[in-house]
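Number of protein chains: 2
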Amino acid sequence: MTTDDPNNDRTPTLADVARLAKVSTATVSRCLNSPDRVIEKTRTKVLAAVRDLGYAPNFNARALAAKHTNTIGAIIPTMENAIFARALQAFQEELGGSGVTLLVASSSYRADLEEEQIRTLVSRGADGILLIGYHRDPKIYEFLQRQGVPIVVAWVFDPQADVLTVGFDNFTAMKALADKVISMGHRRIATITANPEYNDRASERLRGIRAAMSEAGISATDLSIVESAYGIDEGGKALEQILAQPVRPSVVMCGNDVLAVGAIARAKELGLRVPEDISVTGFDDIEIAKISSPPLTTVHVPHRRMGKEAARMLINLVNATKDQKNTLIETSLKIRSSLSKR
Amino acid sequence: MTTDDPNNDRTPTLADVARLAKVSTATVSRCLNSPDRVIEKTRTKVLAAVRDLGYAPNFNARALAAKHTNTIGAIIPTMENAIFARALQAFQEELGGSGVTLLVASSSYRADLEEEQIRTLVSRGADGILLIGYHRDPKIYEFLQRQGVPIVVAWVFDPQADVLTVGFDNFTAMKALADKVISMGHRRIATITANPEYNDRASERLRGIRAAMSEAGISATDLSIVESAYGIDEGGKALEQILAQPVRPSVVMCGNDVLAVGAIARAKELGLRVPEDISVTGFDDIEIAKISSPPLTTVHVPHRRMGKEAARMLINLVNATKDQKNTLIETSLKIRSSLSKR
Chain A
23 MTTDDPNNDR TPTLADVARL AKVSTATVSR CLNSPDRVIE KTRTKVLAAV RDLGYAPNFN
83 ARALAAKHTN TIGAIIPTME NAIFARALQA FQEELGGSGV TLLVASSSYR ADLEEEQIRT
143 LVSRGADGIL LIGYHRDPKI YEFLQRQGVP IVVAWVFDPQ ADVLTVGFDN FTAMKALADK
203 VISMGHRRIA TITANPEYND RASERLRGIR AAMSEAGISA TDLSIVESAY GIDEGGKALE
263 QILAQPVRPS VVMCGNDVLA VGAIARAKEL GLRVPEDISV TGFDDIEIAK ISSPPLTTVH
323 VPHRRMGKEA ARMLINLVNA TKDQKNTLIE TSLKIRSSLS KR
Chain B
23 MTTDDPNNDR TPTLADVARL AKVSTATVSR CLNSPDRVIE KTRTKVLAAV RDLGYAPNFN
83 ARALAAKHTN TIGAIIPTME NAIFARALQA FQEELGGSGV TLLVASSSYR ADLEEEQIRT
143 LVSRGADGIL LIGYHRDPKI YEFLQRQGVP IVVAWVFDPQ ADVLTVGFDN FTAMKALADK
203 VISMGHRRIA TITANPEYND RASERLRGIR AAMSEAGISA TDLSIVESAY GIDEGGKALE
263 QILAQPVRPS VVMCGNDVLA VGAIARAKEL GLRVPEDISV TGFDDIEIAK ISSPPLTTVH
323 VPHRRMGKEA ARMLINLVNA TKDQKNTLIE TSLKIRSSLS KR
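Protein chains in written order, with my numbering: chain A, 23 to 364; chain B, 23 to 364.
Among the hints, erroneous ones may be present.
The list cannot tell twin chains apart, which means a pair is met if one copy fits it or any two copies do.
What the hints assert, rightly or not - For lysine to aspartate or glutamate, the following DMTMM-like pairs were computed, each having C-alpha atoms within a straight-line distance of at most 25 angstroms:
#, residue 1, residue 2
1, K259, E291
2, K63, D159
3, K312, E262
4, K63, E115
5, K63, D134
6, K161, D149
7, K312, E256
8, K330, D38
9, K330, D255
10, K161, D180
11, K202, D134
12, K312, E298
13, K63, E116
14, K344, D149
15, K363, D201
16, K259, E115
17, K330, D134
18, K161, D38
19, K312, D299
Note that these hints are calculated values from the structure, not bench results.
Based on the provided sequences and hints, a complete structural model is requested.
Spelled out as structure tokens, the structure:
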């Protein structure tokens with residue numbers, strides 16, 4: 023990345039922000055500390071300048087403080103349900119072993135909130151940050167690099183990325199499950215997925231299903247895609263949409279276990295038998311997969327191992343240990359009775 | 023609370039810590055920033071002094087920074103499963119509406135970790151902190167008061183507490199459920215509970231069951247108590263312990279929905295029918311209560327309302343709004359088919 027800013031090499035100051043936004047430093051300060059006391063137009067202008075320069079409000083105070091704060095931040099898309107909780111627990115335990123405290127923010131899958139949270143963690147002095155998924159505005163990576171805050175990206179394995187990643191290959195994992203589904207005679211497939219546009223895990227999983235279908239000579243028109251927010255109720259609503267379509271699929275491949283459990287519950291409420299009338303699959307293998315009735319066929323992700331590795335990598339980065347490598351976590355299929363032969 | 027420390031009125035400094043621990047300020051600094059470079063004995067001595075004085079490492083840097091950081095912290099006992107997630111989501115949404123970023127730490131139900139996390143949040147400049155449950159070392163409340171960091175305690179309603187609380191009456195809520203259970207003919211009751219010693223929610227719920235039994239003239243010896251860690255598998259293991267006892271209870275009242283769902287799953291694996299052979303109840307009414315098979319009788323807690331109220335109260339405290347009141351959140355019973363007549 024290049025920029026025309028001649029000051030690129032030094033840490034931006036409050037004065038730089040004021041200059042760029044054409045306001046006084048007092049106004050910048052007010053925008054950052056009491057935003058409700060500043061009119062909208064000024065606030066927008068100042069925040070744009072903060073963003074463009076990669077300014078971190080508390081950086082000066084931070085520099086005065088101890089070099090290491092022994093605090094590491096993590097930003098996860100949601101705290102609801104167990105999807106990120108188990109990996110985070112292992113992440114925290116491993117950090118705790120090194121005397122490091124973890125602070126977590128939850129972005130509600132919103133890029134704008136995540137960016138705000140990254141800035142907050144940096145200005146609160148986090149020694150390093152764990153992020154989920156690689157896909158985000160390159161300016162954020164530039165900002166973190168300029169601030170000297172190391173990051174590890176989890177939930178994806180990407181040797182091409184210019185940050186360290188620890189995760190699994192979402193494409194390969196979902197393709198393996200789709201291969202299995204197709205080998206059991208399914209041809210008409212529906213999928214319930216998160217919006218794949220800003221979610222690289224979702225888009226890779228979708229690509230995995232498409233690749234398996236294509237290899238098996240199944241037309242792409244036999245895949246019906248319903249996008250859904252995250253949640254049990256949401257999975258149920260998405261299932262209703264699928265059932266409202268003219269041709270009923272024989273299997274619903276869900277982007278995660280929570281959506282799948284919701285789809286199963288709604289199917290049963292509507293009088294359908296799972297798997298006799300419709301098969302359902304998940305992704306993650308969290309605890310509800312086992313207690314679901316019927317138990318859920320899914321992709322097992324070793325979340326605890328991933329969290330532990332992420333912590334180890336981040337601690338090493340903070341301590342400037344060299345020669346760190348991207349880490350691939352292997353997934354496996356868990357075939358349970360929510361999937362049957364067509 | 024009183025203390026003999028003559029310096030009680032001012033913020034403790036690094037030098038105060040050094041004096042009390044009888045080491046140099048450089049050693050104190052090293053203990054806080056690179057603990058692995060200090061021998062265990064010195065470290066223990068210094069950390070004891072830090073604790074006794076209520077010293078917050080980064081306070082000086084913090085004082086240099088802006089007065090408000092627009093960051094609020096929350097410490098929850100666990101991120102696993104949905105138990106605290108929904109309230110926290112509502113808490114965060116309400117804070118977000120005021121431009122405040124939430125940072126969360128998870129204490130794994132450990133008092134020592136919680137204390138460390140409180141200190142970290144204070145030294146990272148949190149404007150206020152949300153805590154769960156009232157029961158903790160009074161020194162922590164003194165420390166927070168001395169640092170001028172306002173707190174709100176959620177999940178309990180306690181007009182006697184000298185901090186602001188928002189929550190429900192755990193005793194009354196569980197007693198109402200136990201009254202219902204007893205009215206359906208149950209006499210031999212088992213309960214799966216968290217260790218009540220350091221968990222006021224658990225001890226109050228247990229007291230609720232005991233009060234209902236006593237009012238109905240049922241002997242306390244007919245209550246069988248099994249303590250369990252939090253988790254689906256843990257609920258299953260606790261159920262096995264209950265079944266291994268000489269007399270089988272007709273109902274298992276669980277301290278939360280997660281334990282209850284685990285108990286139901288294990289009972290079914292062992293060939294028992296729920297509720298025909300054994301009834302099971304929960305507490306919280308999180309999403310899995312509805313998709314459990316059979317659906318779970320439980321106490322409905324309006325978690326979202328509680329989270330929203332907590333945020334409102336904490337924002338008001340940070341802005342020094344006066345005349346704040348403790349807020350009682352009403353719970354209600356959800357009678358579903360996991361509970362039947364004896």
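Evaluation of the provided hints:
1. Proximity of K259 to E291 under the C-alpha cut-off of 25 angstroms is restricted to the intra-copy arrangement: shortest distance 12 angstroms within a copy versus 30 angstroms between copies.
2. Taking the closest pair of Cα atoms, K63 and D159 come within 25 angstroms of each other only inside a single copy of the chain (24 angstroms); across copies the shortest separation is 47 angstroms, beyond that limit.
3. For a Cα distance limit of 25 angstroms, the shortest separation of K312 from E262 qualifies both inside one copy, at 24 angstroms, and across copies, at 18 angstroms.
4. Taking the shortest Cα distances, K63 and E115 sit within 25 angstroms of each other only across copies (23 angstroms), while inside one copy they are farther apart (45 angstroms).
5. Taking CA atoms no more than 25 angstroms apart as the test, K63 paired with D134 passes inside one copy only; the shortest distance there is 18 angstroms, against 46 angstroms between copies.
6. Proximity of K161 to D149 under the C-alpha cut-off of 25 angstroms is restricted to the intra-copy arrangement: shortest distance 20 angstroms within a copy versus 28 angstroms between copies.
7. In this homomeric assembly, K312 and E256 come within 25 angstroms of each other (Cα to Cα) both inside a single copy, at 20 angstroms, and across copies, at 14 angstroms.
8. Within a single copy, K330 and D38 get their C-alpha atoms no closer than 40 angstroms, and across copies no closer than 38 angstroms, so neither meets the 25 angstroms cut-off.
9. In this homomeric assembly, K330 and D255 come within 25 angstroms of each other (Cα to Cα) only across copies, at 21 angstroms, whereas the closest approach inside a single copy is 31 angstroms.
10. Only within a single protomer do K161 and D180 lie at most 25 angstroms apart by alpha-carbon distance; the minimum there is 19 angstroms, versus 47 angstroms between protomers.
11. For the homomeric pair K202 and D134, neither the shortest alpha-carbon distance inside one copy (38 angstroms) nor that between copies (48 angstroms) is at most 25 angstroms.
12. Within a single copy, K312 and E298 get their C-alpha atoms as close as 19 angstroms, and across copies as close as 23 angstroms, so both meet the 25 angstroms cut-off.
13. In this assembly of identical chains, K63 and E116 lie within 25 angstroms of each other by CA distance solely across copies; the values are 23 angstroms between and 45 angstroms within a copy.
14. Taking CA atoms no more than 25 angstroms apart as the test, K344 paired with D149 passes inside one copy only; the shortest distance there is 17 angstroms, against 37 angstroms between copies.
15. For the homomeric pair K363 and D201, the shortest alpha-carbon distance inside one copy (13 angstroms) is at most 25 angstroms, but the shortest distance between copies (48 angstroms) is not.
16. Proximity of K259 to E115 under the C-alpha cut-off of 25 angstroms is restricted to the inter-copy arrangement: shortest distance 23 angstroms between copies versus 37 angstroms within a copy.
17. In this assembly of identical chains, K330 and D134 lie within 25 angstroms of each other by CA distance solely across copies; the values are 22 angstroms between and 28 angstroms within a copy.
18. For the identical chains of this complex, K161 and D38 are intra-copy neighbours only, at 18 angstroms inside a copy versus 43 angstroms across copies, given an alpha-carbon limit of 25 angstroms.
19. Taking identical chains as interchangeable, the C-alpha atoms of K312 and D299 lie at most 25 angstroms apart whether they share a chain (20 angstroms) or sit on different chains (22 angstroms).
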